[in-house]
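With the sequences and hints as input, model every part of the structure.
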Amino acid sequence: MCQVDEDGVDLLAAGDGSEKSLADRVCVKCGEQAVIHLRDEDVKCGKCLVASVNQKFRAVLTKFQLSRSKQTILVAFSGGQVSCALLEAVREATTIPNFSRLYSVLYIEEGICDGLTEEACQKKIRNIVGKCRYIFPEVPVLVSSLEMVFAEDSIPLSYIFPANSTDTAPLTGLTEFGARFKKLLASTKSPTAREELRKLLRNNLFRRIGHQQGLKTLFVGDCADRLAVQLITDTALGRGKHLPLELGYADTRDPDFTIVRPFKDVTMKEILMYNSLRLNENIGSHAEEPSSAKKMNSVYSFTETFINSLQKDFTQTVTTLCRTGDKLCATSTGQPPAKHSIEKSSGKLCSFCCGPMDTSEEDACTAENSIALSLRLSAALPNKTVKASVDLEDFASSKHSECGSANGDCAKANGEGCCTSKERKTPEKLLCYSCRWMLSEVGDQGLLPERLMQVNSQQVRRAEMRTSIQNFLLDDDV
Amino acid sequence: MPFLCKRCSRKAILKRPKTGDTLCKECFFELFELEIHETIICAKLFKPGLKVAVGASGGKDSTVLAHVMKVLNEKYHYGIHLTLLSVDEGITGYRDDSLETVKRNEQQYELPLKIVSYKDLYGWSMDDIVKQIGLKNNCTFCGVFRRQALDRGATMTAVDMILTGHNADDIAETVLMNLLRGDIARLSRCTAIITGAEGSLPRAKPLKYAYEKEIVMYAYFKKLDYFSTECVYSPNAYRGYARTFLKDLESIRPRCIIDIIHSGENFAIKSSVKMAAQGSCSRCGFISSQEVCKACILLDGLNRGLPRLTTGKMKKAHRSFAQNNKQENGEVTSPAD
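Same order as they appear, the protein sequences are chains Z and U.
Sequential numbering of the first sequence, starting at 1, is according to full-length UniProt numbering.
Sequential numbering of the second sequence, starting at 1, is according to full-length UniProt numbering.
Worth flagging that the hints you see were computed from the coordinates, not collected in a lab.
Every residue gets a Cβ at the ideal spot worked out from N, C-alpha and C, and that includes glycine.
Just to be clear, a hint being listed does not mean it is correct.
[As the list claims (entries may be wrong)] With a Cα cut of at most 25 Å, we get these calculated DSS-like pairs of lysine-lysine: (1) U:222 / U:103; (2) Z:63 / U:222; (3) Z:327 / U:270.
[Stated by the list, open to error] Derived, one-sided and incomplete: chain Z residues facing chain U with beta-carbon distance under 8 Å: (4) 231; (5) 237; (6) 238; (7) 323; (8) 373.
Next comes the structure, spelled out in structure tokens:
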């Protein structure tokens, strides 16, 4: 239970100075009455807080050269506190000369995951559009629903509400793929896997809509608190290598579509105060949290509860986690983690999540190989020919397939992995560690969107082509 | 209807936490030992003739480690020479009882035992230290001193490597803790199965991928003799938060433990991040990332009656140490007995 060095703990627990009430304190910038205490001696008045949040937003626009973009930028909107604040910051930026005025809001209805009826979904969508109209009347609102990820070619946008429109026509086509989506979710074993699958499909839908509309950038409302929880959640799910993409200012795994997090350094405390100062009380204080934040028995919800309670005793927890995330990188251009963590597989990106591959060398002593060994031995156990201990050792060392064939002969013949492998459709070598687990939780991979699996097949073909010409390639990045 | 062992179809008496397989105890022992053997082989930990000290506290992890190492050494002919190495921190009601367990292990496993004590090495027992500083930051002193005590004991017994009983849960907990504290330097090292910079004694963790629950099961069904009480000074440690969280995670998704270790093994640190280089202490010569190691700094603080100085900002502690060094011409004295 002991630890070597508790110096950091003293810093984490540094008092937030709230011994003095805010009534006695003034803003460090302008000397006006303080309304919020952020950290240490940093207290701000309402005006300076609003300016600070807007400034952080505009700094990200400048960082990614989006401030004067002629392209329309999509803004993901869920109706939650952070989304409302983001949309308000977007609106504020458009009033400033030299900043872009071209935005569209994108809302993805996910009521199907929570078992909502069509009427309830439609009511929710009208509510969301109403909020957008209140915050930023001039922005067009695009609406789709999560089950549209099953669409083969183009993603039908359920509705497009033009700028300044008060149209509330009923939505159509919401349930076309609803039954398939419900079946997919029902076949997924654990709440954690369902949540991860939902998140991946949502991001996939964002990218497809972006490509279809010819747009290159999407803003999402991820704030510091949410990213701190995401860091621990991703670590717990084996996505350590993906952290820079999941937590950074930009997710660049798709070279043609970038997901940007303008509120990465803004805490929820600042967001709540910003909303209460800038938006109507009904929007700011009662904004509905997105359905994924509702309590589920999942790793994310456990982690959220843990971080929130730790933050109360150790007020620097969230900021420390965000700073730690900033120090990590995805590639070995930084200090390599260990010599065995090499991208050995023929593709460099996971064909499901498009994150960097994190496969270990076959004989390396790693957690991945350790759990693979345990599962291999577990699968070998009912084999009636495996009696003596020496047989188990053979299974441990000669890399038998799950069905018992030696040296992966079954996989070579089958071309797609062991004949008993649940991952029959998508070879393991094309999936990262975490996606392999997630897809094993999906009862039948045939239930996944065909378009997604087609992309997998394309990846397999390209990977095979690459393997055959590997020795003649001069540049590893082509 | 009784559960049957998945392997031999005899009556199963346990469900394996790692895989959920129902097993009889003999098949469980075999699988547990085989997986540790595979870890040792993959990591190429040993070569014949190596002298290896097993850090033995009398607790379940080190007792299981000592037992399994003896079994595997004989079964797979590693050709290594095993000894037990124990540290007496001087905690009444805790360490003195667990040392009795280690002494029994010495008889039971027929392995030579060496005990080193804080009192002999530093002139201070943990009881003395807690009397001086109270219950805050006592873990800092104990951990720092123990690390060096193991090295010193290993040097006295002329071994080539130290084995510790850190298990998968410990490693996962450490990864979480280093994330929460933003300790990038430790984050980059804490998942390595062998640690120890050039010139210092390597330490290995053969139980790195063994779940704590399985270690308890192994010890329980093998009827191994171990001591299982929490350290009396530990209740307020920060690690407790990470531990509780890990236990909660394990209850909904047991695989999280291995997945956290996998994440830890795949973290890449940006090259722009400054990392402390590991060198040697200018006073005692043991491993240190600063000019003077933390053990010397802490000891200096205790001896001068300023222990709190050394558990705060290190720059201040180093400055104070340097000043004191100049004044006393580099001599660090132990308190009178």
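Please work out if residue 222 (chain U) and residue 103 (chain U) have their alpha carbons no farther apart than 25 Å.
-> holds, 19 Å
Quickly compare the C-alpha distance for residue 327 (chain Z) and residue 270 (chain U) to 25 Å and report which way the hint goes.
-> holds, 6 Å
Holds or violated: residue 238 (chain Z) as interface residue toward chain U, Cβ cutoff 8 Å?
-> holds, 4 Å
Does the alpha-carbon distance linking residue 63 (chain Z) and residue 222 (chain U) stay inside the 25 Å limit?
-> Roughly 61 Å between the alpha carbons, so the hint for residue 63 (chain Z) and residue 222 (chain U) is violated.
Agreement of hint residue 231 (chain Z) with chain U interface, Cβ distance less than 8 Å | holds, 7 Å
Per-residue hint verdict: residue 237 (chain Z), partner chain U, C-beta under 8 Å = With Cβ-Cβ at 6 Å, under 8 Å, it holds.
Is the shortest C-beta separation between residue 373 (chain Z) and chain U less than 8 Å?
-> Cβ of residue 373 (chain Z) sits 6 Å from chain U, so the hint holds.
Hint check, residue 323 (chain Z) versus chain U [nearest Cβ-Cβ separation less than 8 Å] = holds, 6 Å
Checked against the numbered hints listed earlier, the structure breaks hint 2 alone; every other hint is satisfied.
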